[in-house]
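> Given chain A, work out where chains B and C should sit, using these hints.
Residue numbers (our numbering), protein chains in the order written: chain A, 1 to 141; chain B, 1 to 112; chain C, 1 to 495.
Since the hints were made in silico from the structure, they are not lab data.
Misleading hints may appear alongside valid ones.
[What the hints assert, rightly or not] Dumping the calculated DSSO-like pairs for lysine-lysine here, alpha-carbon to alpha-carbon at most 30 Å:
{"id": "1", "chain 1": "C", "residue 1": "Lys-106", "chain 2": "B", "residue 2": "Lys-96"}
{"id": "2", "chain 1": "C", "residue 1": "Lys-23", "chain 2": "C", "residue 2": "Lys-106"}
{"id": "3", "chain 1": "A", "residue 1": "Lys-58", "chain 2": "C", "residue 2": "Lys-106"}
{"id": "4", "chain 1": "C", "residue 1": "Lys-153", "chain 2": "A", "residue 2": "Lys-62"}
{"id": "5", "chain 1": "B", "residue 1": "Lys-23", "chain 2": "C", "residue 2": "Lys-153"}
{"id": "6", "chain 1": "C", "residue 1": "Lys-24", "chain 2": "A", "residue 2": "Lys-62"}
[What the hints assert, rightly or not] Beyond 10 Å from chain C on every Cβ pair, some chain B residues (computed):
{"id": "7", "residue": "Ile-3"}
{"id": "8", "residue": "Thr-8"}
{"id": "9", "residue": "Thr-22"}
{"id": "10", "residue": "Gly-52"}
{"id": "11", "residue": "Ala-53"}
{"id": "12", "residue": "Pro-55"}
{"id": "13", "residue": "Gly-58"}
{"id": "14", "residue": "Glu-60"}
{"id": "15", "residue": "Ser-63"}
{"id": "16", "residue": "Val-83"}
{"id": "17", "residue": "Asp-104"}
[As the list claims (entries may be wrong)] Some chain C residues judged to face chain B by a derived CB distance under 10 Å, without partners named:
{"id": "18", "residue": "Phe-133"}
{"id": "19", "residue": "Ser-170"}
{"id": "20", "residue": "Met-171"}
{"id": "21", "residue": "Phe-173"}
{"id": "22", "residue": "Leu-179"}
{"id": "23", "residue": "Tyr-181"}
Idealized CB from N, CA, C, for every residue including glycine.
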Amino acid sequence: MRTNFLMLHTITRIVSFIILSFSIYLFFAGHNNPGGGFIGGLMTATALLLLYISFDIKKIKKAIPFDYSTIIAIGLLIAIVTGLNSLLFGDPFLTQYFEYYTVPVLGEIELTTALPFDLGIYLVVVAVALLSILTIAEDDS
Amino acid sequence: MEILMILTVGVLVSVSTYLLLTKSLLRVVLGLLLLSHAAHLLFLTLAGLKEGAPPLLGEEAASYADPLPQALILTAIVIGFGVTAFLLVLSYRTYKEHKTDDLDQLRGSADE
Amino acid sequence: MNNLVLLPVLIPFLMGVILIFFKKNIPVQRYISGITSSALLLLAAYILYVIYQDGIITLELGNWPAPFGIVLVGDLFSSIMVLLASIVAMACLFFAFQTLHHDREKFYFYPFYFFLLTGVNGSFLTGDIFNLFVFFEVMLLSSFVLLAMGGKKYQLRESFKYVVISTFGSMFFIIAVALLYSVTGTLNFAHLAQRISEVDPANNGILTVIAILFFLVFGLKGALVPLHFWLPNSYFAPPTAVAALLGGLLTKVGVYSIIRTNTLIFTHNQDFTLNIILILAGLTMFFGVVGAVSKFDFKRILAIHIVSQVGYMIMGLGIGTAMAIAGSIYIIAHNMIIKTALFLFSGATETVTGTTNLKKMSGILKTHPYLGWLFFIAAISLAGIPPLSGFFSKFALVLGGLEEQRYFIVFVSLVVGLLTLFSMVKIFMYVFWGSPTITEEQKKTKVGKLLLPAIPLVIISFLMGVMAEPVYLLFEAAANQMLDPSIYINSVLKE
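Just chain A, same shape as in the assembly:
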């Protein structure tokens, strides 16, 4: 019997975008408010996982053709290099620098070296969560 996943497909198309945009909000809300790379990454992973579940794994693989183990490495590298740049200024490893800027439309924003560090964490978490779940899911034989 072939089931029709019309409900699931329709809802996934809408909901996954809501989750994705909320995860991006969480990612940028980090540092001084609840949120950050880890939570944002987990949220993104759930959105992508929803896609994998409701559509076929193979189809989504074509749409998202990344190798997750490489993404883990890239994320770790970004995080380490962010920590390393403080060595250039003669400060201890992982020293954080931040500065406030005023931008025309957005008003005052904060730029900090914690952001690229968080981006690294974000990539690692997304990739680890998806990699470990997909490894089990694909091994159907």
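Just chains B and C now, kept in the frame of chain A:
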């Protein structure tokens, strides 16, 4: 409040002990998962439950909660996340190779 | 502030990440990892030299001042351990080049090898008890992967048990940290030591409970009797290069943590804690060696011997004088090096005969004399025959014990030394003595390349015996530094 937290920790520990002593691979993994939750909750309780605003930059409150245990528990949760992911894959592989998830049959003998 | 102590943690981590990008290209991975581990060895030696000259170095990560942020602290003891770990790791790496199956190399062996080193070096250098937990987990997770990788049935089964037991122990680590934080309100080693020394002596029962809880947690990782049961099977399962690496490094991190916490932090009720440590040291030595005597398998005997040697390592701490603790460091150094060498010899023998069962081999001395005699030197060094390093390490321990009139533990340690000799001679008799039973084809197996990483280890052991005086003086300086916690506290808190 502390009493309630300690009771919750007690329930979690007893459930996880029960699960750890069962014979199924998956239940052992779930038992460890619950035990880690119990440990984190115990950490939160032991570090002192206080009333106060969350320790964030934007809040302007008279008193703040202690941020250190929360940061430590978050770290421990992340580590637990990694260990659990690995354990699930490992137990799945063990099940696949041995064609059983019964720990009695996975015991092995003294001289192999 | 000195970023030097960061490098033994950072370099392996960075290299491990970079190696993931070369996952398809194994020769490149080998070159990078070989060069990195040699560089780490030189770096560790340089750090030891700097610390010996200028005293303790600290680094406040992220520029957060000491009791609030995480500090890395390099003192003599930790830098000695980092140096030993790099020696062991390098030997195992070069042995892995020769023996490891291609499939394993493809499954990220080298990245996880470096992550393991990150965890080990981090545990040695950290000055914060929660950070110690984090580095423990980094080390354990990498060891899980190395153990389970490319698993056969037996290996998967034993790895699962090892992972469950380790994770269970980690939960107790969290609970112990929670208790300590609720009592003292700090996690920094130096700050903890300061606060605990201020507690009223009549009212420190809870601190003793915490001290014993930590001792149990580290005892589980360090394989003390009665918490050693996971070790023999899980170290028997993986290939020799991995078994040697884990056997050389993992338990020593547990031992290091026991010595560090009990000399620096929990000094409030030493009559009680050191006595418990001494009793468990005796039991560990004895049951470990009895297990080794009863087995008839090359790798298993070596694995169980790790347990018995851990007993010696904490015996010095239990006696508690400078000489005994120097003996403890001596025996850690001796054991890390010689045990790795013995594991590598067992791997070489396995390559020749295809088995590790003692009863199935005989007379290899005739066909492979170098392997046989090198093993013999390493074996009698482990048993403590002069002039090799095993003798002088035990000599310091026994002398320290006699000075403190701990006659029983000294007696036990000497009996255990005798039984160690017996079990080593048993291996030698079964494997190398007698008439050769191996086939013509096996006779022609060349093991020269396999012995190459092990020979420097035997030479180091020999030198540590011949040059016992300077080596002992270095270890005694480290012990004296540990026995006076105020040096450590002042250099971290800068008062």
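> Of all the hints given earlier, name the ones this structure violates by number, lowest first.
4 and 16
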